[in-house]
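K.L.:
Put the complex together from the two separate chains, hints included.
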Amino acid sequence: MNRKAIILTLLFSFFSLIVTNISIASPIADQHAFIAVQQQLAQAKSLHGKFTQKRVIKVLSKPLLSSGHFSLSQKQGLKWIQEKPFPSTLTLSSSRLTQRIGNNPPMVLTKAKQPIVFSFSKIFLSVFKGDKTGLNQSFKIAFTGTPQHWNMTLTPKSSPLNKAVKSIKLSGGKIIKQIIVDNVKHDQLIIKFSDVKVTS
Amino acid sequence: MNRAFKIRFTLWLIVVLVFVSLFLRILFTDSGLNTNILDLLPKTTQDSSVHKASQLFTRQIGQKIIFLISNPNQALAEQSADNFYQTIAKSPLFSTINYKIDQLEQQSWASLYFPYRLSLLSPDDQKQLEKHNIQHIEQSALMALYSPIGISSSSLLEKDPYFNFQRFLTTLPKPAAVDLINSRPMIHANNRWYVLINAQLEGNSFSLENQNRVISLIEQAKTQALNTNKHTQVLMNGLIFYAKSGADSAQHEISTIGIGSVLGILLLVFLTFRSLSPLLLTLLSAATGFVAAFVVVKLYFSSIYLFTLVFGASLIGISVDYAFFYYADRLLGGDRWQASKGLKNIFIGISLGLLNVVIAYSILSITPFPGLKQLAVFAIVGLSMSYATVVCLFPLVLKACPLKHTPILLRLTDANLKLWQNIGQRKIKLIYSLLALVCLFGIVQLKTNDDIRQLQSLPQHLQHAEKEIKTLIGSKIGNRFYIIQADSPQKMLSKQHQLTSLLHKNFPEMATPYLSLSDYLPTAREQQKNYDLVTTQLIHHHLREYLKKIGMPPQQIQHTAQQLGAIKFKPLTLETWLDSPASKSLRFLWLGKVEQYYTGVVLLSDELPSNKLQLLAHQVPEVTFVDQATQVSHVFSVYRYHISILLALIYIVLLAFLVVRYGLYQGIQLYLPPLFACLVSLAMLGYLSIPLTLFNLLALILVLGISTDYVLFFAETYSSYRSTMLATFLSAVSTILSFGLLSLSSTAVIHDFGITVLFGITTAFILSPTVIKEHARSYSLRREPLV
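Residue numbers (our numbering), protein chains in the order written: chain A, 1 to 200; chain B, 1001 to 1787.
Isolated chain B, as found in the complex (with noise of 0.2 Å):
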């Protein structure tokens, strides 16, 4: 054995071993994975607190979940559910659960505000009152009191002489289209009786292992429903059955896949090589690769993103092409095969293979898109290390194998070369012509798409429940919210007030357009305005004259005047209104201190278009409008847009190098196979009406890095086309069976990727033949082998 290959490996292994163990480390204590793809944006664009805020907001929402227990029949509908009710009451899995709603609870509402009424007026009164139309509040008093309808008596008369306080409370808006009957929130619509219980859960709505409890569970209290009565139907939304669809078919598809590539892997090197150590091999250098760049991308970022290990996942289909090009040398090395003559013949071609990929990333790590650097370093780090393990390690472990018998895939790629060595250039010309006008037809076809919720591929019978749900209970408000922050609670609400009267300016014809805490609760410069109002307009100078008219004795005018002028001036704080039962069902729009700010959120309607309401932000000072779908698909367009410019630079570089190296005629000749694999690509996804998204352009990138590998390989080799060809036939069919076969998946994003991988890697084995004879005519000759 060679020194220099003892020294390499000794090298290698050092290396290796530092990787493993801090892997090993950063495994067992913090894994740092960051799944929020918000984080992918440009670090400017977000603020911590606001950010803080916003997941805080995000997670709670993410664990309601709403029942909507129906029978046509009242009585059952209600028995349904209480049956329903106790089967989950039990759990801890549920941190609240709100279902019967008792008395005390029922005059919540009215206890919590009446001591307060003095300072709390309908809109229509203080809007009268300012502009000190007495007469109009009279009017109306006089309508309540003598109207058919009206709910006037002698307590409320003393208490509410001009019915403010009454019209106050009836209209505050409600969040829900819901009844209370029989201390249950019910729904009669479509002649049946819905009854409602609203939930929160305890845990993370994205935990699987809560995810099964919780569905396992609801399963159960949904079997007791069902059996009170056949006509019962239980109906229900939350995050938690989107997530757990989402994990299951993802679950599914990966495990049946994921199988089936391996399988199909597994067997396609056992029939070519009648061995599996070689498998073993290739799978260590992919291994090391990943855990190389695993390691390194965690101590210079501090954080991993999910989407850098997903697609970084993705290098191990260009990875393993290096130890299959080895390989196939080998099987037809013959007997006297060595292995460090083998790697001399194909180390100029791996080696120029991992320089275009290391010059590709490079690219595409000048973006100022943190996902885009990690994952460029994580493509540069892992490939280099693939390669210095099929460089180091390999010679030392591969011996000659001779061929004793012909392998099947040897035959095929054997007829394979032989088609084309048999088709001149014309025809190559003429071949390149028309698949040239056939993807121009594809590519002028193609549109691009980044919006998630299109992206997502959300299982209908969820989406028809929860619109369902939304239509019964009248609500419109979605997911997109904004975040109100202040110095002080007081600040935080007035700022509120400020955002809603804007809203409703803004969307007149709208009855809610949000949901706010501030409808509630008016600010304490309001409330004072509204006191003022009330005792120097009303108590003391009309209520007397007013009571007189409608026939109350003087005595009691002077009881209920005096009652009423004794009551002082006492604002109803935030910290009041959060205390009482009646907000319960509100609270979770107040977050508290966050950071350095108190927090609050607006709810927004689905109604509302994004664009208006990002403006209106910007009205007041320390509003941020949030809407999760937008911003990634926001992240998704600046993202796609940055790759596809990176990858067109890609090529034009990829155009010089080759023109450099190989000359121009010869250089253009091996340009064709990547660019094609790419422009059919693209072209297939026009024919098919897919939108070119972000993943598209990912898997083009994959697609490129292995084109490339294909024709240098065949560029460089001098011995054996036939090795050449079988590696290339390998490393083809496994990036099809472990990406091609994720075109099968029902994910939309998935499936994206494996099309275009499906299409651009199958067009580049294809092609990569046709770089062959002129090649063999002129370099060959010219040149001696590099054995």
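Next comes chain A alone, as it looks inside the complex (with noise of 0.2 Å):
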């Protein structure tokens, strides 16, 4: 491992990362179908369901494994509840970011004293809520399928971005049931929705 690589990979989180132009490189039947998807995930005023996430990293002998449940809402952003291996709570919204395990006091960091830690989380939330401006602005976006079926890639546009993540593949019907991000060196993180409800 050189130390540039580390270097990179920490400026993932040290600067934000968004880049112009809106370039979808997907045919224009698909691109119909992208934006009933972005319609889709847009509309949801909350969702919730459960999760299980598979880190894979390369140095150690086993993923880490983890699993719980989430919700999502325009209102109060991200909860993500963990179950397994240890109980914690992450509640992420645009301006603050609470992280807790078990009965421990939380961590809470804001925008106002820690904006670099939300350069990150912005992109995250994106992800999320199929944000089309904040994906826009990061990553060339390839969709391919069917608003029912559908599958997206997100290659990240520039520096330093790029130099940590390879790719972010994302996948699913009427709402989102897979998100795979690929390190550059080959670690690798996969989370799994299922039982996923909507409001609307």
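To be clear, the hints were calculated from the coordinates, so they are not data collected in a lab.
As the structure is a computational prediction, the values presented were derived from the model and not from experiment.
Beta carbons are placed, not taken as given, at the ideal position from N, Cα and C, and that holds for glycine.
A hint or two may mislead.
As the list claims (entries may be wrong) - From the structure, some residues in chain B lie toward chain A, with a derived Cβ separation under 10 Å: (1) ASP1124; (2) GLN1126; (3) MET1143; (4) ALA1144; (5) SER1147; (6) GLY1150; (7) SER1154; (8) LEU1157; (9) GLU1158; (10) THR1170; (11) HIS1188; (12) TYR1300; (13) THR1560; (14) GLN1562; (15) LEU1564.
Unchecked claim - In silico SDA-like pairs for lysine to any residue, Cα to Cα no more than 20 Å straight-line: (16) A:LYS185 to B:PRO1553; (17) A:LYS192 to B:MET1143; (18) A:LYS157 to B:GLU1105; (19) A:LYS75 to A:SER46; (20) B:LYS1064 to B:SER1216.
To be verified - Ranges between beta-carbon positions, derived for each pair: (21) B:ASN1479 to A:LYS174: 52 to 62 Å; (22) B:SER1644 to A:SER94: 31 to 41 Å; (23) A:LYS62 to B:GLN1200: 53 to 63 Å; (24) B:PRO1123 to A:PRO87: 24 to 34 Å; (25) A:THR199 to B:GLN1200: 49 to 59 Å; (26) A:LYS174 to B:PRO1123: 39 to 49 Å; (27) A:GLN74 to B:GLU1607: 29 to 39 Å; (28) A:PRO87 to B:GLU1575: 30 to 40 Å; (29) B:ASN1479 to A:SER94: 45 to 55 Å; (30) A:GLN74 to B:ALA1075: 42 to 52 Å; (31) B:LYS1570 to A:VAL108: 31 to 41 Å; (32) B:GLN1220 to A:THR144: 41 to 51 Å; (33) B:GLU1575 to A:ASP195: 54 to 64 Å.
P.N.:
Shown next, in the form of structure tokens:
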């Protein structure tokens, strides 16, 4: 592992990374489907469901597995409640991040005090919410499929994001089913969603 | 020609020639003009190294300019900013321009800190490790590993297994809420994309020549940006824009008001005397006074304050009175008028006038304030010289100039004289009583104000732009700062840490109360402490167990632990930090060695209260709080206080003087016009809701000097009240034209000065003939005229 790679990875968190030009590398037919999916995702006032997450880190002999439930609402942002392997709660809005393990006092980060943290979480929320403008700024978006069954590949447009993330693959139907984040150094994050309920 | 006159003239000429040659020498070598208003404070409160550091820093921040180029469309915003940048980038007028941030620079923060990562901890991690709360650190690490938004990778886990370094980097304060987008610092707000360009000027913001060059270049760049797209807007902020606007309005005002008053006086003199030579001679008397005063002040004090020069120039208003008085006497002296006899007619009047001013300013000079001392010396020397010119030169050049016509002004003043001569003492008493009542009501409404921020009338559009920019970049950082001095860079740094922790403790609710480089660099001692905490508590004890728990194979654990264990302590020094490209935008907070001290600066938020900041400065040695606006306001208030006391004292001395010379009744009668000139001025300020400032009081001293001249001229007139009335009128009109017109100024300070003079002199002029009647009855009968 070289130093540069680490530095670049760290930078992933250090600056916000947003890019110009709306460039959807999809055939015209798919664009309609893409817009439909966008609307589907954006329409949801809130959704909640279960997740399982697998983080593959090459230097570890086995992947890190976790599971729990989550909710996402326009107002409150994302609530990520992990039950296994240890209970923890993460809430993320555009200006506030709270992390809490078990019954320990929560760790609160606010945008006013630690704006850097929020540069990255902004992207994460965009991915989760299907926020078109947010995603377009940072990624090239390739879309295939129909509004019922679709795949979307997000490729970072510029440095330093592209030095850390190879691609983000999203797939789903009416709602998002899976997120796969591929690291340039072959580490990987897979999040699967189930029992997702939507309130519009 | 009288021999005595010739000797007097020769002496005068020698003195003038000496002064003029000295004046020219000073002018061509070093004018030594001191524009720093803080120097007007008594010397003990100013430490020279602090003063130097604060000047250095103020100059630096005065040279900064921020541009925000915006457009609703992101691409167009970037393009507009690029075009703007290209225009200014080529110019030598800027020493640095920060715009695009390349990859190397983006990585510079992480690259700078990475080798020192075991010595750098976020405040929370440091606290937990001090408490031996290893569990907390481990939990935070697990949280990061499992969190969907966590940034973890193989390489990170090896180099920073507990994510301490990551937390350190992400908790570093960010000076502005600006994001890096496409290598450009940008803000997305109000449905617009704003692109930030930061520039540092090469030259001085107060240099007029530099201002013109910079502003025209910026206009050019702005045109480039606006041509890119019609929706593009350019916001900018910098001291230079305020300085330029101030200089422009001052120039505009001085030229219109100045030309107006010069034309007015020219017309006045010409209409009255039908010749321009009186004007030239009058100006000569004023000019010799100014030159002599300048030379003496310069030689005695070595440097001369701008303050002295500006208010010293107001002496011209007094000095022309002597000449006018002489001229009026000549005008009405008829065919047989002789210069020497004319002089005798006015000699006592103008001598007493001068004596009065000398006493007034001598009282002013007792104060410990260098500004007032200078002003007093300037006034006394200047007026004495003007007086000498009138007394020594005028008798030689003035010839009888019989009245062939009755100038319109003379008819006016004659009418005024007649009017007053027909008003009885009883009526005059009534007028004074009514006036006293009017004054009383006005004066009770009078308020004071010394706040320079309110005295400066800053242009609205500039203030608006500044506010908008500050809101957009999320910065509350203002112009107040601490200067921190120490024997070594390390000590300076640790003092800064002491100070910033005090600030956090006192203002815990504030996210960014200050901007300090110490936030980006712990002291060597702190770093050593962090290193010891990390190595002993984490790496040597718990690391292996933790890595095993998250599933790292034994061989990999061995490798990771060995690699981390091999990192020796080496502090990140201020020098290294300063040399890194990462610190580019914060480097201005380090002033280097100023005199014998290593000096740094902590810039403060506008939201912090000055008095509290001042108190905190006392808690850390060699820390000075600098708030120039408040300091200047303080100078003003101290000066205002002292001058008002002195003014009262001068009025008492004046009364005593008048009573001693003219007896109780006459003395009081002569005393009333100068007194009411002052009271009416004050009352009008009250009625008009204009706060009393230092500048009003300085104007009142001028009013006092001139109005006392008027009554003394009347009191010492034995030949013709007509000439006195005419001289008084000429003096009043010229004073009003040269100073009263200043009340049209949009600059508050100048306006205040002008309006005070306007009301004071008008009142003095109107009331001065009230002294005639009684006096004419008693004195002119008792004494022979001095002719």
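K.L.:
Provide an ascending list of the numbers of those earlier hints which the structure does not satisfy.
P.N.:
2, 12, 14, 15, 22, 28, 29 and 30
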